[in-house]
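Take the given structure of chain U and dock chain Z to it, following the hints.
Residue strings, one per chain:
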Amino acid sequence: MRSRFPMLVVLAGFACSDGTIGDTLGAPVAAPIVFESVARRLSLVELDRTIEALVGDTTSPATRFLTPDLFTPYDNDYVQQQPSRALIEALDQMAADVAARAMTDHRDAIVGCTPTGAGDTVCMRDFIARFGKRALRRPLSTDEIDDYAALQSYATESVSGVTNDFYTGVALVIRAMLQDPEMLYRVEVGVPTDKPRVTQLGDHEIMTRLAFLLWGEAPDDALLAIADAGGLANAQTRRSVASGMLADSRARAQVQRFHSMWLGYRAIPHPPALAQAFARETTALIDDVVFDNARDYRELFTSSRTFIDATLATNYALPLPGGTPAWVEYGAGGRAGILSHGSVLSTFGKFSDTSPTQRGIFVRTRLFCEEVLPPPPDANVDAPPSSTDGSPCKANRYAQHRESASCAACHGRLDPIGFGLENYDMAGRYRTHDDGYEECTIDGRGEIIGIGSFSGPKELADMLISSHTLDACVTQQMYSFAIGRPLTGDELPQVERATQRFAASGYDFRGMLLDFVSDDLFAQKREPAQ
Amino acid sequence: MSIRLNRRAFLRSSGGLMLGLPLLDIMLNNNGTAFAQTGGALPKRYAFVFAGQSIGGDNWAKNQQRINGANVTAEHFVEPAATGAGYALTTPLQPLAALQSDFSVVSRLRIPYNTTSSASADVPAGGAYRDFHGGAAGPFLSGMRSNAANFRARGKTPDQHIADLYRAETPIDTLTYRCQPVFYISGYDFSGRQYISYRGDNQPVGAQTQPSVAFNAMIGAVPTGDPGENAAIAFNNRARKSVLDLVADRRQRLLTRVGLADRRRLEAHFDEVVALEKRIADLSTSGIDACEPPRTVPTDPPIGGDNAGSGSGTIGTNTGYSGEEERATAFADLIHFAFKCDLTRSASLQLTTFQSHMNVFGITTSLGYPIRADLHEVGHNGDDDTRGQFAVSLVLQWHIARYAYLLNKLKETDEGGGKLIDNCAIVFAPEGGHGRQLNDGVTDNQTHSTENMVALVAGRAGGLMPGKHIRTSGAHPAQVFLSAMQAAGYTGNTLGEVTGNIPELFTT
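Order-wise, the sequence lines are chains U and Z. Take 1 as the starting number for the first sequence in the working numbering and just add one per residue. Take 1001 as the starting number for the second sequence in the working numbering and just add one per residue.
With the rest of the complex left out, here is chain U:
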C-alpha cells in the first residue's frame, strides 16, 4: 500500500503553496482513473451507527471501547488505519458488551423467530442467515451458516452451575459477527475487468458503498433486498436507489457530519450550551440549503439569514422578535452564510484568539483545497508574532510576517485572508478592536492575493464563488470523504468533471452526490500497485 503522510502536519504558523487552483484543476482532461482502494475499517461513528441499526444499541459502544479515530480531516481515512492490539482487545470486549445488552433489550426483535427450545436449529439457522446478512452485508453461504451454528452447542450443553438457553448461542453468534473482519472492514472483491488491477464490484459491494457514503452506516434489510435483486452495476439504477436514500433522515445526519469535519467544527471549543446553539444554527442552514429547499449550494455561504435562538441572538447582537428560535435576516453588514457562524469561526484559532494565519490556512486548505506546506524549521510558530514598534495590536504584530521575503512569500497568501475576518471573534461576535486593546482598531480589510480584496464573511464568500474556487473544492472534499483518503494528483481531473456537472446542475449538492454514485467509477475498484 502506498504510504501517504499528510502534508498538513504543521500545527501552526504559515506555509505557502506553489500551486493555484488552476494548477490543480486546469490539467488536460485525462482518461478516468478508477479510484484506488484498500479494505477500509469502519470508523467509530460508522460502527456505532451500524451496531445501533443491527441490535438497537444506542450506547455508542465503538466510541466507548475503541481508541479515537484520527481526523485528517475525515475520520474515515483508511491510510491512517492500522490493526493494533489495542483495537483487537477493544473489539473483543465491545462485542461481548453489545451482545449481552442485545439479549436484554431487544432479544425477540433481533432473533426474529421463537425457538422451540435451546436446540432449535431451524430458528438458529434462520437467525444466523438473517443477522449474518445484515452484519456482513451479503448473503451467507451454507458453510458459513454451519460455522456460526456450531456456537449453538453452548446453548444446549448441560453444565452444572451454568444457566444457558437458546439465547446463549444467539449472543455468541452476535459476538462473533461483530468481530468478523467482513463486518469491521469493507472488503471488496468484485470480478476482474480487462483493465489491470481494476475490478467491477458486485451488487452488495456497491450497495455497501452507497450506504456508507449516504447514510454513514451499513445497508439495512431494504437496501440489501435491492442488492439481492441485482442491477446496481447500472448507473441509472444506482442513481434511483441513491435518490431514495437521500430522502432519509440518515442522509441528513451524514451530510451534516461531512460538513462538521470538512469545516472543522466537530468539537466546538465553547461552553456546551453555546456550542450546541452554534451546532443547531449550522445544522439548520445545511438542512435548508441541501435538503428542505434544495437551494443553490453556494447559498450555504451566501445566505442572508440564519436560524438562531435567544442565546445566539444575544451572542451575535441580532434581533429575535418573540424570542423563540427562528430565521432572521442579517440585514446590512458583513455577514452571510456559514462563514458567519460561531461554529466555523471558532475553529483554527491560536493563542486563545482568532489567528489571521490559521484562518488563512483554513481558507486555503478547506475552501481552496490547496496544500499549505509546513513552515521552515527555523520559523518560530509557537510564540505570537511581536511588533517591531512595541505595539500590542495584532495588525502591527502580524506585520512581522511580511518583514522578510521568505516569510512574506507564504504569509502573504495567508494572513490577509484572516485579517478580512478579524471583525469576527471566536464566537462569531462582531468587534471593532482587538480583544483587550481598545486602541487597536480592526479595519477588517482582507485580501486574497491574485483575486481581490474583501471585508467580512459575505464578501469572502462572494469572492470564493465568483473565482470558482469553492465549487471545485467542495467537490474535491466530498470525493476525498467518499473514497476514504486524500486524492492524488492524477485523480483530480475526475473532480474537475464533477465540478462542471455540479455547476451545470445549478449547484445541487444532492445532485452532485447522485452524479458521483452514478459514475461508472463508483462501481469499480483499483488495486494499489505493489
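Please note that the accuracy of each hint is not assured.
[Stated by the list, open to error] Heads up, simulated EDC-like pairs for lysine to aspartate or glutamate below, C-alpha to C-alpha not over 20 Å straight-line: (1) Z:LYS1278 / Z:GLU1267; (2) U:LYS133 / U:ASP57; (3) Z:LYS1241 / U:ASP165; (4) Z:LYS1278 / Z:ASP1164; (5) U:LYS195 / U:ASP180; (6) U:LYS133 / U:ASP221; (7) U:LYS133 / Z:ASP1249; (8) Z:LYS1241 / U:ASP228; (9) Z:LYS1241 / Z:GLU1277; (10) Z:LYS1409 / Z:ASP1289; (11) Z:LYS1278 / U:ASP180; (12) U:LYS133 / U:ASP180; (13) U:LYS195 / U:GLU491; (14) U:LYS133 / U:ASP203; (15) Z:LYS1241 / U:ASP180; (16) U:LYS133 / U:ASP146; (17) U:LYS195 / U:ASP519; (18) Z:LYS1241 / U:ASP147; (19) Z:LYS1278 / Z:ASP1289; (20) U:LYS133 / U:ASP228; (21) U:LYS195 / U:GLU36; (22) Z:LYS1241 / Z:ASP1271; (23) Z:LYS1062 / Z:ASP1444; (24) Z:LYS1241 / U:ASP57; (25) Z:LYS1241 / U:ASP519; (26) Z:LYS1241 / U:GLU157; (27) U:LYS133 / U:ASP108.
[Stated by the list, open to error] Some chain Z residues flagged as far from chain U (calculated, every beta-carbon gap over 10 Å): (28) GLY1040; (29) ALA1082; (30) SER1101; (31) GLU1169; (32) ALA1281; (33) GLY1287; (34) ARG1295; (35) ASP1300; (36) GLY1320; (37) SER1366; (38) ARG1372; (39) GLY1474; (40) GLY1489.
Because the hints were derived from the structure by calculation, they are not lab data. Please read all numbers here as calculations on a predicted model, not as lab measurements. No residue lacks a Cβ here, since even glycine has one placed at the ideal position from N, Cα and C.
Just chain Z now, kept in the frame of chain U:
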C-alpha cells in the same frame, strides 16, 4: 560492552549460590507464581514513562520565572544544583521526595544535531533533524537519526527490545498505554505524535487509551469468583475462545479472495486476533488470582473537545482535558500489577503526547497555581501571570507525580526479600530540554531544544545504584534508556546508532 556491575549483581548473574548474600532471599517467592516453579532469579522489568513537554521556558534563564504576576529569580529548573547523593530536590522532583534513594537524575543529556547544516542528509548518527518536535522524537525514542520532521522513529524502541527478550516467558510481551486520547486542536490531528513505541523503522505500535479496556484485557481476562461460580467462568471462557476461534478461522476464506494490499491489512488484523487468543490462554494459567488483583474496573473519563485556541494563553475552562490524570493512575495500577504478577516485563506509559495540547488549567488549579494555557504553550508562553521556569516546573511536577505514583506502588510491594522496585528499571523522560534552539541553531534558553535534557531512572534491577544526580557532559538520552534496558537484562550495548550506557548509574 562496558556495563559495570556491582558485586551483588555480578554474583547474581554468575548463577552461584552465595550464602550470606541476598541471593537466598531472591530465591524465595512471596506470591507463589512463576519463579517458585523455575527457581530462577527474580525477573527484571523495564518501563518508560513519557511526558510531552520540555523542561524550560522560552527566553527565561534556568532560574527565572513569573509566579502569580511577580517576577522571581529562584531555582525551579528540574536539574539539581548538586551532584551525587543528597542533592536538594527541585520543584519538579518534589513528588519523589520519599523516593530519593530509589531513583537517579541524569542531566545535561543532549541529542546531537548538525550545527552548521539543517539538511536532511547531514543529520549525524543518533541525531535530530533540525525541527524540534517532529525531528527530535525519533532519535529520542530509538537512538536512530531522523531525516524529517515527521515524528517517526526509524528503529525499535527499548520497550520492544525488552518485549523481545521475555516474550516466551510472560503472557504479555509489553504494555503500551497512552493517557492523552485526542489531539485537541481543531483542523489537525496527531500525525505521529501519539507514538512512543516502535517495533522497527516506522512501525509504530498503537497504544491503548481506554483504562477499562486495558483492565479487562488483563485482569478481566481471568474472571474470579467463589467456587460455586467457577463452572460458569469456565463455560464463559470456553465460549469466548470458540468465538475468537471462529473469527480467526475466517482468515483463509477471506484472504484467498482479496488482493495483496487488502491481504496485508487483514492478515495483520487476524494476527492480532490469534495473539489475543494466546494471551488469554497464557493469562488464564498465569496465576493472576494468587496475586490478588484489583477487581474494580476503572472508569474511562470523558474525552474533551477542542481547545479554545491552539496554544491558548488564557484558557479559563477545562475544555480539552480528558482526565489524563485518572487515566495515568489506572494505567499505572495495571503496570504495577502486571510487574508484580510477572505478567509482563516491559511497559510504556505515554502521559501526554509529543507537542501536547492538553489543557493544564484544571491540573495546575489543583496544584494551587492555575495556568491558563495548554501544555505545549506553557513552555513557550505560559500565561501572562505565570510563566518561565516555575510554570514549566509545575506541569513537569504533575507528570512526575504520575511517575511517583507508579514507583510508590512498586516500592510498597514485597518481592523476594526486598521490594518489587528493586527488580525494576523505570525510566521517566520528557520530550525536550532547554538550551540552544534546535530549529535555528542560534537562540539560547529555548524550549525547542535537545540540550540539557533530563531523564530519571528508578529501581535496582541489574545492579542499578539509584539515589544520586549524575551530570553528564552531553550524553545521549538513549544511553540512559540503554542503561535501563541493560539493567532489565538486555545484553547489547547499543540502542539504534547510540553506543554505551551511563556507567555511573551502576556505581555507588
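Quick rundown of the hints versus the structure:
1. Restraint check: the Cα-Cα separation between LYS1278 of chain Z and GLU1267 of chain Z comes to about 16 Å, which is no more than 20 Å; the hinted pair holds.
2. Restraint check for LYS133 of chain U and ASP57 of chain U: the C-alpha separation of about 18 Å stays at or below 20 Å, so the hint holds.
3. Proposed proximity of LYS1241 of chain Z and ASP165 of chain U is supported: the alpha carbons are some 19 Å apart, at most 20 Å.
4. Under the criterion of a C-alpha separation no larger than 20 Å, the hint pairing LYS1278 of chain Z with ASP1164 of chain Z is consistent with the structure, at around 16 Å.
5. The straight-line distance between the Cα atoms of LYS195 of chain U and ASP180 of chain U is roughly 31 Å, outside the 20 Å bound, and the hint therefore fails.
6. Proximity of LYS133 of chain U to ASP221 of chain U is assessed by CA-CA distance (about 9 Å); at most 20 Å being required, the pair is judged to hold.
7. Distance check on the hinted pair: LYS133 of chain U and ASP1249 of chain Z sit about 18 Å apart at the alpha-carbon level, within 20 Å; holds.
8. For the hint linking LYS1241 of chain Z to ASP228 of chain U, the alpha-carbon distance of about 34 Å lies beyond 20 Å, and the restraint is violated.
9. Taking the CA atoms of LYS1241 of chain Z and GLU1277 of chain Z, the gap is about 7 Å. The hint holds against a cut of 20 Å.
10. Distance restraint check for LYS1409 of chain Z and ASP1289 of chain Z: the Cα-Cα separation of roughly 19 Å lies within the 20 Å cut-off, and the hinted pair is therefore satisfied.
11. Of the pairs offered as hints, the one joining LYS1278 of chain Z and ASP180 of chain U holds, with about 18 Å between alpha carbons and a cut-off of 20 Å not exceeded.
12. For the hint pairing LYS133 of chain U with ASP180 of chain U, the CA-to-CA distance comes to about 12 Å; that is within 20 Å, so the pair holds.
13. Restraint check for LYS195 of chain U and GLU491 of chain U: satisfied, since their Cα atoms lie roughly 17 Å apart, inside the 20 Å limit.
14. For the hint pairing LYS133 of chain U with ASP203 of chain U, the CA-to-CA distance comes to about 13 Å; that is within 20 Å, so the pair holds.
15. Using a Cα cut-off of 20 Å, the hinted pair LYS1241 of chain Z and ASP180 of chain U holds, with the two alpha carbons roughly 14 Å apart.
16. The hinted pair formed by LYS133 of chain U and ASP146 of chain U meets the criterion: a straight-line CA distance of about 14 Å does not exceed 20 Å.
17. For the proposed pair LYS195 of chain U and ASP519 of chain U, the alpha carbon gap of about 17 Å is at most 20 Å, so the pair holds.
18. For the proposed pair LYS1241 of chain Z and ASP147 of chain U, the alpha carbon gap of about 14 Å is at most 20 Å, so the pair holds.
19. For the suggested pair LYS1278 of chain Z and ASP1289 of chain Z, the alpha carbons sit about 19 Å apart, so the restraint of at most 20 Å is met.
20. With a C-alpha separation of about 11 Å, the suggested pairing of LYS133 of chain U with ASP228 of chain U holds against the 20 Å cut-off.
21. Proposed proximity of LYS195 of chain U and GLU36 of chain U is supported: the alpha carbons are some 13 Å apart, at most 20 Å.
22. Distance check on the hinted pair: LYS1241 of chain Z and ASP1271 of chain Z sit about 15 Å apart at the alpha-carbon level, within 20 Å; holds.
23. For the hint pairing LYS1062 of chain Z with ASP1444 of chain Z, the CA-to-CA distance comes to about 11 Å; that is within 20 Å, so the pair holds.
24. A C-alpha spacing of about 24 Å is found between LYS1241 of chain Z and ASP57 of chain U, which places the hinted pair above 20 Å, so the restraint is violated.
25. Pair hint LYS1241 of chain Z plus ASP519 of chain U does not hold up; C-alpha atoms about 45 Å apart against a cutoff of 20 Å.
26. About 16 Å separates the Cα atoms of LYS1241 of chain Z and GLU157 of chain U, which keeps this hinted pair within 20 Å; it holds.
27. A hinted pair counts as satisfied when its Cα atoms are at most 20 Å apart, and LYS133 of chain U with ASP108 of chain U qualifies at roughly 18 Å.
28. With 10 Å as the threshold on Cβ separation, the claim that GLY1040 of chain Z sits away from chain U holds: the shortest Cβ distance comes to roughly 28 Å.
29. The claim that ALA1082 of chain Z lies off the interface holds: its Cβ sits roughly 33 Å from the closest Cβ of chain U, which is beyond the 10 Å cut-off.
30. No beta-carbon of chain U comes within 10 Å of the beta-carbon of SER1101 of chain Z; the shortest separation is about 36 Å.
31. Distance check on GLU1169 of chain Z: its Cβ is at least 18 Å (rounded) from any Cβ of chain U, clearing the 10 Å threshold; non-interface status holds.
32. The non-interface label for ALA1281 of chain Z is consistent with chain U: the shortest C-beta to C-beta separation is roughly 14 Å, beyond 10 Å.
33. Residue-level check passed: GLY1287 of chain Z sits 21 Å from the nearest beta carbon of chain U, beyond 10 Å.
34. At roughly 16 Å from the closest C-beta of chain U, the C-beta of ARG1295 of chain Z stays outside 10 Å, upholding its exclusion from the interface.
35. In this structure ASP1300 of chain Z is not separated from chain U by more than 10 Å, as the shortest Cβ-Cβ distance comes to only about 7 Å.
36. Chain U draws GLY1320 of chain Z into its interface by the beta-carbon criterion, the shortest separation being 7 Å against a cut-off of 10 Å.
37. Every CB of chain U lies more than 10 Å from the CB of SER1366 of chain Z, the least distance being 21 Å, so the non-interface label holds.
38. Non-interface status of ARG1372 of chain Z relative to chain U is broken: a Cβ of that chain comes within 10 Å, the nearest being about 8 Å off.
39. Distance check for GLY1474 of chain Z against chain U: the nearest CB is about 22 Å away, which clears 10 Å, and the non-interface claim stands.
40. The beta carbon of GLY1489 of chain Z sits about 23 Å from the closest Cβ of chain U, which is more than 10 Å, so the claim that it is off the interface holds.
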